[in-house]
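**Student:** The listed protein sequences derive, respectively, from chains A and B.
The first sequence runs 0 to 248 under numbering that gives the first Met the number 0.
The second sequence runs 0 to 346 under numbering that gives the first Met the number 0.
It is worth saying that the hints were derived from the structure and are not from the lab.
These figures come from a predicted structure and were not determined experimentally.
Treat the hints with care, since some could be wrong.
[Claimed, not checked] Heads up, simulated DSSO-like pairs for lysine-lysine below, C-alpha to C-alpha not over 27 angstroms straight-line: (1) K67/B with K109/B; (2) K183/B with K260/B; (3) K176/A with K230/A; (4) K230/A with K194/A; (5) K218/A with K176/A; (6) K41/A with K229/B; (7) K229/B with K87/A; (8) K176/A with K41/A; (9) K260/B with K41/A.
[Unchecked claim] Label-pair ranges, simulated between beta-carbon atoms: (10) G148/A with D268/B: 36 to 46 angstroms; (11) N318/B with P135/A: 34 to 44 angstroms; (12) N310/B with K218/A: 50 to 60 angstroms; (13) L55/B with Y216/A: 12 to 22 angstroms; (14) K47/A with T239/B: 55 to 65 angstroms; (15) R235/A with L139/B: 55 to 65 angstroms; (16) K218/A with P163/B: 30 to 40 angstroms.
[Said to hold, decoys possible] Residues from chain B that face chain A, not an exhaustive set, calculated with beta carbons under 8 angstroms: (17) H164; (18) L176; (19) N197; (20) S198; (21) L199; (22) R200; (23) Q224; (24) Q235; (25) D238; (26) T239; (27) L266; (28) P290.
The C-beta atom is built at its ideal place from N, Cα and C for all residues, glycine as well.
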Amino acid sequence: MSIRAIIADDEELARHILREYLDREPDIEIVCECDNGFATVKAIAELKPDLLFLDVQMPKLDGFEVLELADVNVAVVFVTAYDQYATKAFDAAAVDYLLKPFDLGRFQTALERVRRRLAAPPVSVPVAELRNAALPPGRHAERIVIRDGARVHILPVGQIDYVEAQGDYLAFHSAGKAVLKQQTISSLEESLDPKQFVRVHRSFVVNLERIGKIEAYTKDARIAILSDGAKIPVSRAGYLRLKDVMAES
Amino acid sequence: MHPLFQNRNTLLAYLFAWVPLGAMLGLVISGAGHLDWRATLAIIAPVTMLLAVVCLSPWYLCRALPLKGTPRWKILVIHWIAAQLASALVLFMVPFLLKLLARFYPGIEKQFEPSMRVLAGMCFLFYLLSVALHYVLQALETSRQAEVLSREAELRALKAQVNPHFLFNSLNSISALTTLDPAKAREMCIRLSDFLRNSLRMGERTSIPFGEELALARTYLDVEQVRFGKRLRVVQDFDTACNECEVPPLLVQPLVENAIKHGVASLTDGGEISLSAHVSDSRLSFSVENPFDPDAPSQRKSGFGLVNVRNRLRARYGNSARLDIDANAGRYRVSLTVPFIKEAVKE
């Protein structure tokens, strides 16, 4: 049975090298080539490949976002020019990573690893957390990608009003609408800018800019009323965190 | 704030310089009005102190009216008016002072009258002297700043050559071309070498003709053209008159690099970068326009290149250069305008 592979890179010449090297491998079949992130997510969902060669910097969605949205278990080989912060994340998320330019020998080593991985039972990696690991120190997520069936939502973090944990999912509230995404609230909290987003409650993260006022509710609990009228609970610890952040700014 | 206030020693030195100036003022005035030295001192000491403060004010005017790029008549007229105002201020204060002193030196008001015109003239001259000194100070400050920034540009140029993404992606393209189109691989090697060599050389100079700037940007685009193929389209519209204008080095290349990195590279189908350079009213206008994906993250996070360009323009031209950024409807446009200064004859 042959290994079905997708090549995702926005540069034609970069794809050409992979094609050329793969020509020598009779057990690998290229089922699709993609030149942007959206096309890659779509191709993964439709073709369910075994192997994905993935560039990190692509139009529409970057490599990490593609992985976050692709819920199919696929062996990933990152192919990238340079990413000093991401190498750790590559190690964890991918079978291997190739730094451009690479030679045939290095490429074949990566393929050996892929073959071994595909022979073993699949392991799942929490991709959303890896995205954080790949961010340079001091930088925070700028947008959230969410897949809703065949559709992909891109939500700039500035448009988030608040986020509510619901079981295994997070509900991202923005302009009166909510979208669900499978992620833990603590991993989300970690990826966001702590000066803009505060965990005001065990299940709530709120965008500071949206808070209209805070009212006392019971002795320890308070309620934050957002500018659009939404009410969200604020715990005692959450209120302290909120005060800390407000004091800094 | 005035730079003199930033350091106590320079401020003291400045105030001390007014002692001989005050003495000179006293000599001239006591000669004109036949006052005794004590009366003269009583008038001149506070007047000198007032002048010392008034003569700091040209700093703000000089900053607003840099010698380069401001019409001469404007500089002359404005400073002339300011000097008149300064001497009017002193003349306005002196009668109050005299009234106060009349208690100790009866008749001083009458005695001082002939000196008033002399005093006004001296104030006027001191103010203009201060204007001249401030322009000297400003020139020293500018050249120091320009040197710091040009060092920075040089460093950045060096860093740009080893800009990891640019370099490794270019090498990867060459690697692909070696089997696909060996002649083109060789051409790319040469283009890349040209770019590295030229930008290295340019960083060492303080001024270069704009034509060379455009040529360097062109070499950069040639390299990227191979990498992006049909996705990168370049349209250019240049007046040949632009080529001779002297500009700080490596002004254009960072703008073109941004247009690719944040523009064309973020779009699946790429896009068109339009470059234009024109001369009118003895000013050189240059603009880079590119399409971009408004949804892409960190659109202009790495605005470091732009900040650097803006700082270098300010260091070189003061307020007479402009850098404008305009992003809407998916198109990003950076335009800069500098005074047209013709290339000096090479010795």
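**Student:** All hints, please: hold or fail.
**Tutor:** Each hint, compared with the structure:
1. K67/B with K109/B: Not satisfied, since the Cα-Cα distance of roughly 47 angstroms exceeds 27 angstroms.
2. K183/B with K260/B: 23 angstroms, holds
3. K176/A with K230/A: At roughly 15 angstroms apart (the allowed maximum being 27 angstroms), K230/A and K176/A satisfy the hint.
4. K230/A with K194/A: Status holds; Cα separation ~21 angstroms.
5. K218/A with K176/A: Violated, at about 31 angstroms.
6. K41/A with K229/B: 24 angstroms, holds
7. K229/B with K87/A: 34 angstroms, violated
8. K176/A with K41/A: 25 angstroms, holds
9. K260/B with K41/A: 25 angstroms, holds
10. G148/A with D268/B: 36 to 46 angstroms: 26 angstroms, violated
11. N318/B with P135/A: 34 to 44 angstroms: Since the Cβ atoms of N318/B and P135/A sit about 36 angstroms apart, the hinted range of 34 to 44 angstroms holds.
12. N310/B with K218/A: 50 to 60 angstroms: Since the Cβ atoms of N310/B and K218/A sit about 55 angstroms apart, the hinted range of 50 to 60 angstroms holds.
13. L55/B with Y216/A: 12 to 22 angstroms: 59 angstroms, violated
14. K47/A with T239/B: 55 to 65 angstroms: 58 angstroms, holds
15. R235/A with L139/B: 55 to 65 angstroms: 60 angstroms, holds
16. K218/A with P163/B: 30 to 40 angstroms: Hint violated: Cβ distance 56 angstroms, outside 30 to 40 angstroms.
17. H164: Holds - the Cβ of H164/B comes within 8 angstroms of chain A, reaching about 5 angstroms at its closest.
18. L176: 7 angstroms, holds
19. N197: 23 angstroms, violated
20. S198: 19 angstroms, violated
21. L199: It is violated, given that the least Cβ distance between L199/B and chain A is near 21 angstroms, above 8 angstroms.
22. R200: 25 angstroms, violated
23. Q224: Violated, because the Cβ-Cβ distance from Q224/B to chain A comes to roughly 12 angstroms (cut-off 8 angstroms).
24. Q235: 24 angstroms, violated
25. D238: 34 angstroms, violated
26. T239: 34 angstroms, violated
27. L266: 5 angstroms, holds
28. P290: Where the cut-off is 8 angstroms and the nearest Cβ of chain A is about 12 angstroms from P290/B, the hint is violated.
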